[in-house]
Amino acid sequence: MINERMINALVLAGLLALPLYALAVDEPFTITLVTRAVILALAAVGLNIVLGFGGMVSFGHAVFFGIGGYAMGILAYHAQTYSTLDLGLFTTEGTKLMPVIWLVAMAVSGLVALIIGLLSLRTSGVYFIMITLAFGQMFFYFAISWAEYGGEDGVSIYVRNSFPGLNTLVPIQFFAICFVILCLVLFLKERLRASPFGLALNAARQSATRAETVGLNPMRLRLVAFVISGMITGLAGALFADLNRFVSPSMFSWQLSGELIVLIIIGGAGRLMGPVIGACVFVALEHFLGGLTDFWHVYLGLILLGIVLFGRGGIIGMLTRTEGAHV
Amino acid sequence: MSDVVLSTHNLTKRFGALVATDDVSIDLRAGEVHAIIGPNGAGKSTLIQQICGGLKPDAGRVELVGRDVSSLTTQARAKAGLGRTFQISQLCMEDTVLENVLLGAIGAGGSPWRFWRGALGLTDMRERAQAALHRVGLADAADIRCANLSHGQRRQLEVAVALTLNPRAFVMDEPMAGLGADGSKQLTALLDGLRAEAPILLVEHDMDAVFALADRISVLVYGKVIATGTADDIRASDVVREAYLGTEA
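Residue numbers (the numbering used here), protein chains in the order written: chain G, 15 to 341; chain H, 199 to 447.
Next comes chain G alone, as it looks inside the complex (with noise of 0.2 Å):
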């Protein structure tokens, strides 16, 4: 029997593999499309800690995704015009250095969680999945409507930010940086999974009553999840942007929201790879049919159907014969 160890190294050494082999027959498209799936696969790992661990189903993690990318949008814009960001307490002239985008992607990331998680975490079941679709719209239409950084046109960015001591427009080193922050979140996502944290979270998700009755508060760790969780899709956020150098109101559409939720059902929820191995299939399928036909959905449709009715653990669970997190 496969076990689900061997699958996530598989999956990380491909994933490491294929761009190194991409590069030495030169061919760095493949290297930013594996790319686009190392940062899908980072905004479904912050999903899937809401989704698989806390058992929240948010319609609405397209709000950190674009949040990130808008983060840097804005900062990498006024840093290429030299003009000044009045933020009302202070004043920058923005910037291009990477560290500094993604730690402002992830601070305004958690606090917008902060305050939606408050809100919408009174709710459950279906009406949770509606508020978070709300915060969703209303981002998107704010985004829309933002004339001083495009409106529905978005901000393109000239040159890509820059990481220190890297070239990050050679498309391997830029593929290197994504790479590690990805394997990175995993392994902060395993230790959060095993720590107390990680375990009160589970049975609340299990049984709500059962963590009230032995003095935790579930509505305090979905809370705090949910946070965390916001903070890694909106450092996504800001990678996505930077690998496009471009950000658009799409970032926050509620297609993302969707399409994040179904890598993680396709990988497998609540598993430490799920994301991943969904990320890949997407972008795969994104890429191979997408070229053949505009309706490649429709495939995408199909896989998620066949797993939804026939293994309810994903891709991962189908493999190792055992089931994922029940939703």
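Rather than coming from a laboratory, the hints here were simulated on the basis of the structure.
Fair warning: there could be bad hints in the mix.
For lysine to any residue, the following SDA-like pairs were computed, each having C-alpha atoms within a straight-line distance of at most 25 Å [as the list claims (entries may be wrong)]: (1) H/254 to G/222; (2) H/422 to H/247; (3) H/383 to H/348; (4) H/277 to G/208; (5) H/277 to G/238; (6) H/383 to H/393; (7) H/254 to G/138; (8) H/277 to G/231; (9) H/254 to G/137; (10) H/422 to H/391; (11) H/254 to G/136; (12) H/422 to H/277; (13) H/277 to G/306; (14) H/277 to G/111; (15) H/254 to G/223; (16) H/254 to G/221; (17) H/383 to H/329; (18) H/277 to G/223; (19) H/277 to G/104; (20) H/254 to G/233; (21) H/277 to G/237; (22) H/383 to H/422; (23) H/254 to H/266; (24) H/383 to H/229; (25) H/422 to H/406; (26) H/254 to G/208; (27) H/254 to G/231; (28) H/277 to G/233; (29) H/254 to H/366; (30) H/422 to G/190.
Over 10 Å on every C-beta distance to chain H, these chain G residues come out as not near it, computed from the model [claimed, not checked]: (31) 27; (32) 35; (33) 110; (34) 121; (35) 132; (36) 170; (37) 191; (38) 215; (39) 230; (40) 238.
Predicted, not measured: the structure shown is a model, and the values here were computed from it.
Note that the Cβ used here is the ideal one computed from N, Cα and C, for glycine as well.
Add chain H to chain G, keeping to what the hints say.
For chain H alone, coordinates are given in the frame of chain G:
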């Protein structure tokens, strides 16, 4: 009385015109098993809910070790020392037996706000959890997934989780539910020993278990306590016989 651990005072709860809990004052003293019996719909579960914090009474109060806990949440009451078990098992089915008891130890004794260290590596919590498993006879099953446990083992695990809280009082809602004669006998023996650690407020339908365990029995009918006394008192009481036990008792 100084040895009263848990008590309700004039607890009243109405659902519309229905009085589910009618001026109920009962107490649980150190070292005893106090059983609450009554026909279906007598308001036993409603009463338990109010004691444990799931329902807010319309009037009256609940005291735990001399402290008014009426306004506390379920989780605060658990921390104050109320160890509850459920009629329908409330366990984490995807987790192992050890993880289930560990959750209790973490919730009551430690803190869930640790994100880095592994939960299974917390030696003090783990020892507390394993001691509870040992106490209920599940030490060998520690690594089994809860979903794979037998019904009887799940009932034992419920008790073990409550034990990890180091409770001042147990509140058990039909712990024998669904158990066969053997399982029921086994659990009765376990509860019999537990009363030394903390007194047990026991809601139960299994009359053999009730009469074997209870130091005192209160009979609840239509939300009202119609009699409280020893097993013999209750057996001899005409009121009770009429209202509940029928002619066979």
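Tested hints:
Distance restraint check for residue 254 of chain H and residue 222 of chain G: the Cα-Cα separation of roughly 18 Å lies within the 25 Å cut-off, and the hinted pair is therefore satisfied. Distance check on the hinted pair: residue 422 of chain H and residue 247 of chain H sit about 16 Å apart at the alpha-carbon level, within 25 Å; holds. A threshold of 25 Å between alpha carbons decides the hint, and for residue 383 of chain H with residue 348 of chain H the separation of about 16 Å falls inside it, so the pair holds. The hinted pair formed by residue 277 of chain H and residue 208 of chain G meets the criterion: a straight-line CA distance of about 23 Å does not exceed 25 Å.
This hinted pair checks out: residue 277 of chain H and residue 238 of chain G have alpha carbons roughly 21 Å apart, not beyond 25 Å. Restraint check: the Cα-Cα separation between residue 383 of chain H and residue 393 of chain H comes to about 16 Å, which is no more than 25 Å; the hinted pair holds. As the CA atoms of residue 254 of chain H and residue 138 of chain G are separated by approximately 22 Å, the hinted pair is consistent with the 25 Å bound. Taking the CA atoms of residue 277 of chain H and residue 231 of chain G, the gap is about 11 Å. The hint holds against a cut of 25 Å.
Our distance criterion of 25 Å between C-alpha atoms is met by residue 254 of chain H and residue 137 of chain G, whose separation comes to about 20 Å. Proximity of residue 422 of chain H to residue 391 of chain H is assessed by CA-CA distance (about 30 Å); at most 25 Å being required, the pair is judged violated. Between residue 254 of chain H and residue 136 of chain G, the direct Cα distance comes to roughly 19 Å. Compliance with the 25 Å bound is thereby established for this hinted pair. Taking the CA atoms of residue 422 of chain H and residue 277 of chain H, the gap is about 29 Å. The hint is violated against a cut of 25 Å.
Using a Cα cut-off of 25 Å, the hinted pair residue 277 of chain H and residue 306 of chain G is violated, with the two alpha carbons roughly 61 Å apart. Of the supplied pair hints, the one linking residue 277 of chain H and residue 111 of chain G is violated, its CA atoms being roughly 48 Å apart against a limit of 25 Å. Distance check on the hinted pair: residue 254 of chain H and residue 223 of chain G sit about 16 Å apart at the alpha-carbon level, within 25 Å; holds. Our distance criterion of 25 Å between C-alpha atoms is met by residue 254 of chain H and residue 221 of chain G, whose separation comes to about 21 Å.
Between residue 383 of chain H and residue 329 of chain H the alpha-carbon distance is near 22 Å, which keeps this suggested pair within the 25 Å criterion. Between residue 277 of chain H and residue 223 of chain G the alpha-carbon distance is near 14 Å, which keeps this suggested pair within the 25 Å criterion. At roughly 45 Å between alpha-carbon atoms, residue 277 of chain H and residue 104 of chain G are farther apart than 25 Å, so this suggested pair is violated. Distance hint between residue 254 of chain H and residue 233 of chain G is fulfilled; the C-alpha atoms sit about 19 Å from each other, no more than 25 Å.
For the suggested pair residue 277 of chain H and residue 237 of chain G, the alpha carbons sit about 21 Å apart, so the restraint of at most 25 Å is met. Among the hinted pairs, residue 383 of chain H with residue 422 of chain H is inconsistent with the structure: their alpha-carbon atoms are about 30 Å apart, more than 25 Å. Straight-line distance between C-alpha atoms of residue 254 of chain H and residue 266 of chain H comes to about 14 Å, which keeps the hinted pair within the 25 Å bound. In summary, the hint linking residue 383 of chain H to residue 229 of chain H is supported, as the alpha carbons are separated by about 20 Å, within the 25 Å threshold.
Between the alpha carbons of residue 422 of chain H and residue 406 of chain H the distance comes to roughly 23 Å, so the proposed pair stays at or under 25 Å and holds. Taken as a hint, the residue 254 of chain H and residue 208 of chain G pair is broken in the structure, with Cα atoms around 36 Å apart against an allowance of 25 Å. For the proposed pair residue 254 of chain H and residue 231 of chain G, the alpha carbon gap of about 18 Å is at most 25 Å, so the pair holds. Between residue 277 of chain H and residue 233 of chain G the alpha-carbon distance is near 17 Å, which keeps this suggested pair within the 25 Å criterion.
In summary, the hint linking residue 254 of chain H to residue 366 of chain H is supported, as the alpha carbons are separated by about 22 Å, within the 25 Å threshold. With a C-alpha separation of about 71 Å, the suggested pair residue 422 of chain H and residue 190 of chain G falls outside the 25 Å cut-off, and the hint is violated. Chain H leaves residue 27 of chain G outside its interface by the beta-carbon criterion, the shortest separation being 25 Å against a cut-off of 10 Å. Distance check for residue 35 of chain G against chain H: the nearest CB is about 36 Å away, which clears 10 Å, and the non-interface claim stands.
For residue 110 of chain G, the condition that its CB be more than 10 Å from all CB atoms of chain H holds, with the nearest at approximately 32 Å. In this structure residue 121 of chain G is separated from chain H by more than 10 Å, as the shortest Cβ-Cβ distance comes to about 18 Å. Against chain H, the non-interface label of residue 132 of chain G holds: every CB pair exceeds 10 Å, the least being about 18 Å. For residue 170 of chain G, the shortest C-beta to C-beta distance to chain H comes to about 38 Å, beyond the 10 Å cut-off, and the non-interface label holds.
Listed as outside the interface, residue 191 of chain G is consistent with that label: its C-beta sits roughly 24 Å from the nearest C-beta of chain H, beyond the 10 Å cut-off. Annotated as non-interface, residue 215 of chain G brings its C-beta within 10 Å of a C-beta of chain H; the closest such distance is 8 Å. Some Cβ of chain H comes within 10 Å of the Cβ of residue 230 of chain G; the nearest lies about 4 Å off, and the non-interface call is violated. With a least CB separation of 8 Å from chain H, residue 238 of chain G falls inside the 10 Å interface cut-off, contrary to its annotation.
In summary, the structure is inconsistent with hints 10, 12, 13, 14, 19, 22, 26, 30, 38, 39 and 40 from the numbered list given earlier, while agreeing with the others.
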